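Number of protein chains: 2
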Amino acid sequence: MKRIGFIGLGIMGKPMAINLIKSGYDLVVYNRSQASVQELSKQGVEVAFSPMDVAKKVDVLITMLPNGPEVKEVLLGDNGAIYGLSKGKMVIDMSSISPVTTKKIASILAKKGIRMMDAPVSGGETRAIDGTLSIMVGAYKEDFSNYYDLLSAMGSNVTLVGEIGSGNVAKLVNQSIVAVNIAVVSEAFLLGAKCEVNPESIYEAIHSGLAGSNALQSKFPLMMEGNFEPGFTLELHRKDLKNILETAQSLDVKMPLTKMVTEFIEKLISDGEADKDHSAILKYYEKISSFNLV
Amino acid sequence: MKRIGFIGLGIMGKPMAINLIKSGYDLVVYNRSQASVQELSKQGVEVAFSPMDVAKKVDVLITMLPNGPEVKEVLLGDNGAIYGLSKGKMVIDMSSISPVTTKKIASILAKKGIRMMDAPVSGGETRAIDGTLSIMVGAYKEDFSNYYDLLSAMGSNVTLVGEIGSGNVAKLVNQSIVAVNIAVVSEAFLLGAKCEVNPESIYEAIHSGLAGSNALQSKFPLMMEGNFEPGFTLELHRKDLKNILETAQSLDVKMPLTKMVTEFIEKLISDGEADKDHSAILKYYEKISSFNLV
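Top to bottom, those sequences are chains U and C. Positions in the first sequence are counted from 1; adding 3 to them yields the numbering used here. Positions in the second sequence are counted from 1; adding 3 to them yields the numbering used here.
Simulated from the structure, these hints should not be mistaken for lab results. Among the clues, some could well be false.
Same chains, same names: a pair is fine if it fits in one copy or spans any two.
[To be verified] Straight-line Cα separation of at most 25 Å, DSS-like style, residue types lysine-lysine; simulated pairs: (1) 197 x 242; (2) 59 x 25; (3) 45 x 90; (4) 270 x 90; (5) 115 x 144.
Computed from a predicted model, the values in this text were never measured in an experiment.
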């Protein structure tokens with residue numbers, strides 16, 4: 004079996020790497036922070052000293068990093084993976100980054116004959132642990148087929164979207180819809196509560212109709228509990244939203260709703276709520292209307 | 004079996020009345036436009052000459068009208084139903100109107116000992132025909148129990164939300180979410196298309212995740228076909244949105260997303276799109292970004 008490199012053992016990356024180990028893959032890992040590295044080291048995983056060092060030892064390199072600049076640094080920077088990868092090797096970037104950045108990196112790697120696919124995920128920490136992430140893949144069909152089993156060790160819904168960069172395009176579309184769907188749930192239910200109608204009763208009446216959504220179903224109960232433990236943080240959602248708005252601006256696409264919700268999230272973050280779950284968008288609404296849902 | 008009055012035989016009202024007939028109810032109808040009246044008359048339904056005339060002949064009066072002013076006129080205006088209803092009779096207003104208006108009307112009727120419940124619906128013409136509407140009820144519990152079977156002849160999901168007016172509160176919450184969810188699907192998928200990724204592939208990758216919604220599932224295929232036949236018209240959605248914003252303003256609740264999408268719909272209507280399905284919000288985005296989804 005091929006050796007797999009894994010760089011980026013954060014909240015998402017660590018459980019994803021563990022699922023690869025459980026599926027019998029032979030891992031070499033690198034991570035800036037050492038706590039996760041030591042945990043995986045105890046499970047018999049080889050620890051490398053730099054991205055280049057990982058790259059030299061593996062056939063496939065997976066990266067799971069916060070954003071585009073980190074992916075560029077790890078792949079193309081000093082001691083970057085590009086200096087350890089030889090022709091025909093594969094980079095699978097599972098980070099959520101701008102598809103423009105993905106394409107730039109892929110074209111640089113391609114000059115050395117290194118293949119790349121983007122495979123950002125959705126589903127959050129719980130589904131990363133369960134190995135049931137949705138994985139949106141931008142790749143050549145042949146590469147997708149070849150690495151389908153590998154990706155399936157981390158996710159239950161692995162979809163080829165299109166060419167390289169398409170995975171991140173799907174992720175941007177996803178994150179725009181999620182942010183706005185959560186925001187309007189907050190906005191609308193706050194009106195209902197201010198009308199002195201029990202939000203749970205409204206939920207019962209509408210959740211199976213056209214207003215129904217996975218955001219409503221999964222976030223409404225947390226809003227009612229005032230439980231804003233992540234989940235997926237406002238900080239990370241802001242990062243995705245900024246990638247969306249930059250991409251949209253570069254293509255002259257207008258995204259007024261996404262822009263508006265990004266501003267709400269920025270205000271929340273400047274109020275110290277960065278580490279809350281994105282369902283805490285409710286708190287922005289509670290503030291501007293001086294009224295609480297519960 | 005009680006005699007049922009039915010006023011308002013429009014796109015929704017007519018199939019709802021027909022479902023009552025099919026369930027064996029004895030109907031007396033009134034409608035300003037005569038085409039629907041004649042159709043129901045052929046089915047053996049009694050036709051009355053005014054709302055008052057209907058009211059005199061029935062135990063329960065159902066109204067299904069475009070908006071608050073029409074409901075007020077029919078119930079409280081010249082030859083209005085109030086002059087034909089006696090103590091203990093029941094008015095079920097199934098129109099989607101402002102809950103503030105609902106409460107005002109209910110309190111006027113209550114002075115004559117006439118009971119009222121609000122029971123606005125969602126699901127559109129198709130589900131009105133199928134008798135599978137969602138019906139959101141604001142009523143005393145006892146009244147809800149007494150008229151549950153009657154309502155169930157028109158809908159498959161009949162929910163008691165709370166006191167009188169609560170049905171329309173739930174409907175407002177519903178319509179705000181629906182409008183914004185449709186709008187952000189348009190906004191986000193247009194970005195995806197501009198990135199030269201096939202929208203159908205993006206849909207496949209994201210529709211079962213947190214971005215999934217009933218609006219996405221039911222409207223995305225129509226958007227891809229460019230099929231904007233209603234369904235539910237932009238004109239009617241604007242009416243609901245104006246009721247939402249008026250209610251919100253009167254209660255000092257801020258609804259920035261709902262307000263923004265209302266403005267999009269108003270621009271579409273001033274461009275002559277009033278009779279299109281609300282999924283035609285896509286056309287607003289296509290215009291401002293000078294780019295078409297398909």
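Hint-by-hint comparison with the structure:
1. For a Cα distance limit of 25 Å, the shortest separation of residue 197 from residue 242 across copies, 21 Å, qualifies, whereas the shortest one inside one copy, 32 Å, does not.
2. In this assembly of identical chains, the alpha carbons of residue 59 and residue 25 lie at most 25 Å apart only when taken from the same copy (23 Å versus 75 Å across copies).
3. Proximity of residue 45 and residue 90 under a CA criterion of 25 Å is satisfied in neither setting, with 32 Å inside one chain copy and 80 Å between copies.
4. Proximity of residue 270 and residue 90 under a CA criterion of 25 Å is satisfied in neither setting, with 46 Å inside one chain copy and 55 Å between copies.
5. Taking CA atoms no more than 25 Å apart as the test, residue 115 paired with residue 144 passes inside one copy only; the shortest distance there is 21 Å, against 73 Å between copies.
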